[in-house]
Amino acid sequence: MSTRNKTLIAVLLAALPVAMLLALSSGPVAIDLPAAIASGWRSDSSDSVILWQLRLPRAVLALLVGAALGLGGAAMQGMLRNPLAEPALLGVSSGAALAAILVLYYGAAVSGLMLPLLAITGALLAVGSVWLLAGRGASASRLVLAGVAINAFLSALMALALNYAPSMFAMQEIVFWLLGSLANRGWDQVLLALPFIVAGAIMLFLARNYLRALSLGETSAASLGFAGRRYPLLVLFGIAFAVGSSVAVAGTIGFIGLVVPHLMRPLVGQDPGRLLWVSALAGALLLLLADVLVLNTVGTQELRIGAVTAFIGAPFFFWLIVSGRREMSL
Amino acid sequence: MGRQGRTTRLRAWLICGLWLCAVPALAAERIASLNLCLDQILLSWVPPNNIVSVTWLSGQDQYRRAPIPEHIYLNRAQAEELLPLTPDLILTGQFGAQRAAARLEQLGFPVVRIPDAYSLEQLQAQLTALGKALGPLPQLTAQEKQLADLLADNPSAGHEQSKPRALILSANNITYGSGMLEHQLLTRAGFTNLAAEEGVNQLGRVSLEQVIALAPDLLVFYGGAQDFAIAHLAERHPVLKQYIASGRTYRLPEQLGYCPALAVVDVLQQLKKKRAEIVDAE
Amino acid sequence: MSDVQSLEFNCRDLTLTRNHRRVLEGISCAFRPGELTAVIGPNGAGKSSLLGCLAGIYAADTGQLCIGEREFNRIAAAERAQLCAYLPQQEAPAWSLAAQDLVALGLLPWGRSIDRAAKARRSLLALQQVDAGHLAARPVTQLSGGELRRVQLARLLVGDAPLLIADEPGAALDIRHQLQLMQTFRQQADTGKTVILALHDLGLAARYCDRILLLHNGSLAAQGSAEEVLTPARVGEVYGIHSEFRWRDGRPEFVAGDLL
Numbered sequence: 001m002s003t004r005n006k007t008l009i010a011v012l013l014a015a016l017p018v019a020m021l022l023a024l025s026s027g028p029v030a031i032d033l034p035a036a037i038a039s040g041w042r043s044d045s046s047d048s049v050i051l052w053q054l055r056l057p058r059a060v061l062a063l064l065v066g067a068a069l070g071l072g073g074a075a076m077q078g079m080l081r082n083p084l085a086e087p088a089l090l091g092v093s094s095g096a097a098l099a100a101i102l103v104l105y106y107g108a109a110v111s112g113l114m115l116p117l118l119a120i121t122g123a124l125l126a127v128g129s130v131w132l133l134a135g136r137g138a139s140a141s142r143l144v145l146a147g148v149a150i151n152a153f154l155s156a157l158m159a160l161a162l163n164y165a166p167s168m169f170a171m172q173e174i175v176f177w178l179l180g181s182l183a184n185r186g187w188d189q190v191l192l193a194l195p196f197i198v199a200g201a202i203m204l205f206l207a208r209n210y211l212r213a214l215s216l217g218e219t220s221a222a223s224l225g226f227a228g229r230r231y232p233l234l235v236l237f238g239i240a241f242a243v244g245s246s247v248a249v250a251g252t253i254g255f256i257g258l259v260v261p262h263l264m265r266p267l268v269g270q271d272p273g274r275l276l277w278v279s280a281l282a283g284a285l286l287l288l289l290a291d292v293l294v295l296n297t298v299g300t301q302e303l304r305i306g307a308v309t310a311f312i313g314a315p316f317f318f319w320l321i322v323s324g325r326r327e328m329s330l
Numbered sequence: 001m002g003r004q005g006r007t008t009r010l011r012a013w014l015i016c017g018l019w020l021c022a023v024p025a026l027a028a029e030r031i032a033s034l035n036l037c038l039d040q041i042l043l044s045w046v047p048p049n050n051i052v053s054v055t056w057l058s059g060q061d062q063y064r065r066a067p068i069p070e071h072i073y074l075n076r077a078q079a080e081e082l083l084p085l086t087p088d089l090i091l092t093g094q095f096g097a098q099r100a101a102a103r104l105e106q107l108g109f110p111v112v113r114i115p116d117a118y119s120l121e122q123l124q125a126q127l128t129a130l131g132k133a134l135g136p137l138p139q140l141t142a143q144e145k146q147l148a149d150l151l152a153d154n155p156s157a158g159h160e161q162s163k164p165r166a167l168i169l170s171a172n173n174i175t176y177g178s179g180m181l182e183h184q185l186l187t188r189a190g191f192t193n194l195a196a197e198e199g200v201n202q203l204g205r206v207s208l209e210q211v212i213a214l215a216p217d218l219l220v221f222y223g224g225a226q227d228f229a230i231a232h233l234a235e236r237h238p239v240l241k242q243y244i245a246s247g248r249t250y251r252l253p254e255q256l257g258y259c260p261a262l263a264v265v266d267v268l269q270q271l272k273k274k275r276a277e278i279v280d281a282e
Numbered sequence: 001m002s003d004v005q006s007l008e009f010n011c012r013d014l015t016l017t018r019n020h021r022r023v024l025e026g027i028s029c030a031f032r033p034g035e036l037t038a039v040i041g042p043n044g045a046g047k048s049s050l051l052g053c054l055a056g057i058y059a060a061d062t063g064q065l066c067i068g069e070r071e072f073n074r075i076a077a078a079e080r081a082q083l084c085a086y087l088p089q090q091e092a093p094a095w096s097l098a099a100q101d102l103v104a105l106g107l108l109p110w111g112r113s114i115d116r117a118a119k120a121r122r123s124l125l126a127l128q129q130v131d132a133g134h135l136a137a138r139p140v141t142q143l144s145g146g147e148l149r150r151v152q153l154a155r156l157l158v159g160d161a162p163l164l165i166a167d168e169p170g171a172a173l174d175i176r177h178q179l180q181l182m183q184t185f186r187q188q189a190d191t192g193k194t195v196i197l198a199l200h201d202l203g204l205a206a207r208y209c210d211r212i213l214l215l216h217n218g219s220l221a222a223q224g225s226a227e228e229v230l231t232p233a234r235v236g237e238v239y240g241i242h243s244e245f246r247w248r249d250g251r252p253e254f255v256a257g258d259l260l
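Sequences listed follow chains C, E and R, in order.
Take the first sequence: its position 161, counting from 1, is numbered 161 in our numbering, and each next residue is one higher.
Take the second sequence: its position 4, counting from 1, is numbered 4 in our numbering, and each next residue is one higher.
Take the third sequence: its position 191, counting from 1, is numbered 191 in our numbering, and each next residue is one higher.
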């Protein structure tokens, strides 16, 4: 890793607290931030309630979800040896969203933990089907085809499930599930997602050397000591845990998992192992900044955050296709 | 046994007679409705035997308040559905089902358009129009009178200094400002509507941050939150726990939104009670 | 190259089924330290399958595979990878790693027991060993086929494993680098390693290898020295070509002739 790349990663790290301060000072109400921080967690003043109960959990959730999506994208690209892989693009997020919809709109009686657990199961089924349907080491086109098919199918099921949901608002909420949102989130959602995202991150950490070995292909990876089902399963579960639990609380936020690993790959010398952590860092930063943008431009008129990330991501995707056609490296 | 049977029969005759007296001049015998709110009004105020059809929406769990008698046909606002029922009065709203209404009118059926109500004034006009179309129904006249009484008792004059502040937080962070029926109800009940103070005209959005910053004395939710929806996420946010715990909340019934005629009087009474509680607590 | 463990590699009665087809049938053979063994045979004879089996990529249906005294399949995956390095016929890198980083992947089985600086140093040495030191910083996706193959070869050698298995290692190389490659493997064998190569070029096999295994339709058609295996009759039977085996200046030479 060159010093220039190290500096860039240090800059990303340093940008995190700055973005955090930006996020904490963004919102429809003007608050006295230093005073609110000074008055502490337990204070009853409206400024500190807004800071500690509303803005901080939302910002923390943005960081968590962004990190999970960056991590999930990097792991998925590494596992499928394919730069086009992305949880939202290939239906993993839809799998999680479908499960979350079934739990939330139909299973009111179930306990809170069921939501992330079932969302993780949904994500796992979706990522597993992509993996099986495309076949291991599949070409980019085959992979995207399989992913798009699964994504379309799951999105249709989502619409169907919402259509028959008892709530009057259900049908309009397809937008939320397809684009994601961080509005009105609190510490309860953070606490719900946090343990599962951490668990997913640990699994992917344990699989980092497998992802490195996979740069050489499945056979060589097996000859380097990564044979058997254990490692692919570890990655699949890691992705499902990280992505599934973040979709359960924030909906499907696309493109972070695609754009971030791409931008970060050169910074870590293309190493799929270190890419995981740098993508988590950059994903967290990107989603937090996207949320700051949402808060400062549209305010309570809540443009879905997924729309913002798509605005950033879609042109990037076009660029990827065009440059891929030129370089043949895709 | 015999004596008891006789009393029962007597009572039955009496009730029949009372019915005849009470509904002396029901303007129509076979009434059909093409509008959800008018459905509900008919079902609540008109004897079921005089209703031939209401819309299918009224049969949905969400809107049904009591089982709908089997002989009432659930229509989907198609003219041809109503033809064989030969209604002698068809009620429809200002909007929706207009094509069916026009068609039925062409075919010579008596169609009456009842104006929608988005304010107390419009509500009075609606009740008058209903009275004209249906004749003097006892519950209708009672409702008209109650409403007039409540409106006459205008508390805003006397209690300038102790006006608790209220804010509506409806699904999807929507709040109701000036010009809305909900605003009128709040002010009539003796509250200041914070949304209107903040310059919201008609509908507006209010974030949780604003709710906390404005710190209303009464936080008013709207509609049922029993079914999950992301739309209700704001009111489930833990930051509102203290409001709910301290009882400083009120929930407007969903019916107020689509059929205020049936809900307004109750809501106004409850809001007045709530206001009294808050003022007493202070 | 120090601390070379000298291990004999034995397989007894190996059979393997892939995609519902029996690809290996009752293979028994031994690979001794210090020996360079060529596995030859026409396309589809089972060379890659045998090598894959030996490297632990495919699990044999029946049969036994022993390294030294130990049964190969009982050894933990990471240790097995430390004992046996394997280069498949095709290995397309998914990411544009620098050549040196790709070579360092060959040290993954050692995990953290080799520190990062040592990994970089050893990778560079391995690259120099295959005449590719100048490629160290180049992204592997920008290398030519032959350059990439040499980098992959360095990846095979970097771990200094006592057992080296390579499938068609010289396929994409020019003649100079093919000879260089065979010399490298020869040197590796001479330091006491067990080296197994699948080869198409019978000339190279005859010239450099101590032993030759000839596979035909998944079975072992012959094994032994080049002179014993590459008789015109057997080559004719298996490959369907005329050939000649001769000695020239004390070196074995195989010359392919016309089709039969």
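Derived by calculation from the structure, the hints in this document are not laboratory data.
Please read these numbers as outputs of a predicted model, since none were measured by experiment.
Where is the CB? At the ideal position from N, CA and C, for every residue including glycine.
There may be inaccurate statements among the hints.
[To be verified] Chain E side only, calculated, beta carbon under 10 Å to chain C, not exhaustive:
1) Asn173
2) Gln202
3) Val206
4) Ile212
5) Ala229
6) Arg236
7) His237
8) Ala245
9) Ser246
10) Thr249
11) Pro253
[As the list claims (entries may be wrong)] A few chain C positions that, by computed beta-carbon distances, are all more than 10 Å from chain R:
12) Lys6
13) Met168
14) Val175
15) Leu179
16) Ile202
17) Met203
18) Leu216
19) Gly269
20) Thr297
Okay, the hints, checked on the actual structure:
no., hint, in the structure
1, Asn173, "6 Å, holds"
2, Gln202, "15 Å, violated"
3, Val206, "7 Å, holds"
4, Ile212, "5 Å, holds"
5, Ala229, "4 Å, holds"
6, Arg236, "8 Å, holds"
7, His237, "5 Å, holds"
8, Ala245, "14 Å, violated"
9, Ser246, "13 Å, violated"
10, Thr249, "17 Å, violated"
11, Pro253, "14 Å, violated"
12, Lys6, "14 Å, holds"
13, Met168, "48 Å, holds"
14, Val175, "36 Å, holds"
15, Leu179, "31 Å, holds"
16, Ile202, "17 Å, holds"
17, Met203, "18 Å, holds"
18, Leu216, "5 Å, violated"
19, Gly269, "6 Å, violated"
20, Thr297, "36 Å, holds"
Violation of the numbered hints given earlier is confined to hints 2, 8, 9, 10, 11, 18 and 19; the remaining hints are satisfied by the structure.
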